[in-house]
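Novice: Each chain is listed here by its residues.
Number of protein chains: 2
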Amino acid sequence: MYRQLRDHIEKISPLTDQEYDLVCAQFEYRKFRKHQYLTQVGEPVKYHYFVLSGLLKLVFTTENGKQHIVSFAAEDWWESDFYAFFTKTMATMSLECIEDTEVLCLSLDGYRYLCATFHKMEHFFLEKANYGFIGAQRRIISSLTSDAKERFEQLQKQYPFLIQRIPKSLIAAYLGVSRETLSRLY
Amino acid sequence: MYRQLRDHIEKISPLTDQEYDLVCAQFEYRKFRKHQYLTQVGEPVKYHYFVLSGLLKLVFTTENGKQHIVSFAAEDWWESDFYAFFTKTMATMSLECIEDTEVLCLSLDGYRYLCATFHKMEHFFLEKANYGFIGAQRRIISSLTSDAKERFEQLQKQYPFLIQRIPKSLIAAYLGVSRETLSRLY
Chain L
1 MYRQLRDHIE KISPLTDQEY DLVCAQFEYR KFRKHQYLTQ VGEPVKYHYF VLSGLLKLVF
61 TTENGKQHIV SFAAEDWWES DFYAFFTKTM ATMSLECIED TEVLCLSLDG YRYLCATFHK
121 MEHFFLEKAN YGFIGAQRRI ISSLTSDAKE RFEQLQKQYP FLIQRIPKSL IAAYLGVSRE
181 TLSRLY
Chain Z
1 MYRQLRDHIE KISPLTDQEY DLVCAQFEYR KFRKHQYLTQ VGEPVKYHYF VLSGLLKLVF
61 TTENGKQHIV SFAAEDWWES DFYAFFTKTM ATMSLECIED TEVLCLSLDG YRYLCATFHK
121 MEHFFLEKAN YGFIGAQRRI ISSLTSDAKE RFEQLQKQYP FLIQRIPKSL IAAYLGVSRE
181 TLSRLY
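Chains L and Z, in that order, are what the protein sequence lines are.
Residue numbers for the first sequence follow the UniProt record's numbering, so the first one is 1 and each next one is one higher.
Residue numbers for the second sequence follow the UniProt record's numbering, so the first one is 1 and each next one is one higher.
Incorrect hints may have been included.
Here are some chain Z residues the structure puts well away from chain L; computed CB gaps all over 10 Å [unchecked claim]: (1) L5; (2) E19; (3) A25; (4) S107; (5) K157; (6) I163; (7) L170.
To list a few chain Z residues with every Cβ distance to chain L over 12 Å, as calculated [what the hints assert, rightly or not]: (8) D17; (9) D21; (10) L22; (11) Y37; (12) P44; (13) K149; (14) E153; (15) Y159; (16) R184; (17) L185.
Computed Cβ-Cβ distance ranges for the label pairs, DEER-style [unchecked claim]: (18) K11/L to T117/Z: 21 to 29 Å; (19) D109/Z to K11/L: 15 to 23 Å; (20) E28/Z to R33/L: 48 to 56 Å; (21) K11/Z to Y2/L: 34 to 42 Å.
It is worth saying that the hints were derived from the structure and are not from the lab.
Ideal Cβ placement from N, Cα and C applies to all residues, glycine included.
Produce the entire structure from the sequences given, and follow the hints as far as they go.
Specialist: Below, the structure written as structure tokens:
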């Protein structure tokens, strides 16, 4: 079941059929429509999400109501408000569908069970976490050193398929520029 | 040996004496003077560093020679140019001492050996990586949503001891503001 999840995990950690059955049993399939929320600010964050299809945005909203996009998540990406998920605190970010989206949901108990039971799964999540950290660090460098044009070109180069699927207003909210500034870039 | 490293690891993963001896054997002690480089741009990044004492800065320098501080690392922190370390490519950031610094150096082979041999160590590094990612994500949110004053106050609140030890010019390079702007803040 969920061949896509198995293929994704096995790029890092090959599993036997029996192991994969136990891994798979920790995930719950859910389907959301465009504009639906997976998590909302102020509510508990029950799951770490693996995206099967569709597109999500992780959004931080400031007190004046301005939305900032912390990250996007498309097929084969993992997404959550990780601080709230791991510390069992309330969400400070919302996770919302940009397209109709199918996900596999992993609870914190499920995550802990997989890591404790299968050394291979702890290894898998460590590899993902290290590359997640590297990606976040690159974004910090980009925000410190690049102007809007350069940040847009980096996004375009890194995720060419995303640019086609995301409304311009959301790309602007990700780059931290106004819609007008973005319009001058493409 | 290196009681500090053992205490640090055992906050997450308790180890037997025998296990710790094997863990410890993967680390190499080194001492650097203020202003010395642990890694330089364009050179291989051989180690992941655990700081025993002192203070480091991880610096990204743009083509025009401007220095941006990606992170600081003090006692009990882990630091490296992680992308270069994990992918065995050349450093794009430099790691330099702000104070005389003692570190324990872990090679990529040593890191892989510890993770493969001890499920507990893979768990330890996963916990560190998850919290590293969360910290980086918070910095991204801060850069998207906060002005210089707010970013300075966040730094002051999060790491009060750092503010005392770091020259103002470096705090400005971390916050992404000019020295003059920072002077108006404290």
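Novice: Decide, hint by hint, whether the structure agrees.
Specialist: So, going through the hints one by one against the coordinates:
1. L5: Holds: least Cβ distance 19 Å, greater than 10 Å.
2. E19: holds, 15 Å
3. A25: holds, 21 Å
4. S107: holds, 16 Å
5. K157: holds, 16 Å
6. I163: holds, 19 Å
7. L170: holds, 13 Å
8. D17: Label holds. Min Cβ-Cβ 22 Å, cutoff 12 Å.
9. D21: Check passes; 21 Å lies beyond 12 Å.
10. L22: holds, 16 Å
11. Y37: Holds, because the least Cβ-Cβ distance between Y37/Z and chain L comes to about 18 Å, which exceeds 12 Å.
12. P44: holds, 17 Å
13. K149: holds, 15 Å
14. E153: holds, 15 Å
15. Y159: Nearest chain L Cβ is 16 Å from Y159/Z, so the label holds.
16. R184: It holds; R184/Z is separated from chain L by about 20 Å at its closest Cβ, greater than 12 Å.
17. L185: holds, 18 Å
18. K11/L to T117/Z: 21 to 29 Å: holds, 23 Å
19. D109/Z to K11/L: 15 to 23 Å: holds, 22 Å
20. E28/Z to R33/L: 48 to 56 Å: holds, 55 Å
21. K11/Z to Y2/L: 34 to 42 Å: Cβ of K11/Z to Cβ of Y2/L: about 35 Å, so the range 34 to 42 Å holds.
The structure agrees with every numbered hint stated previously.
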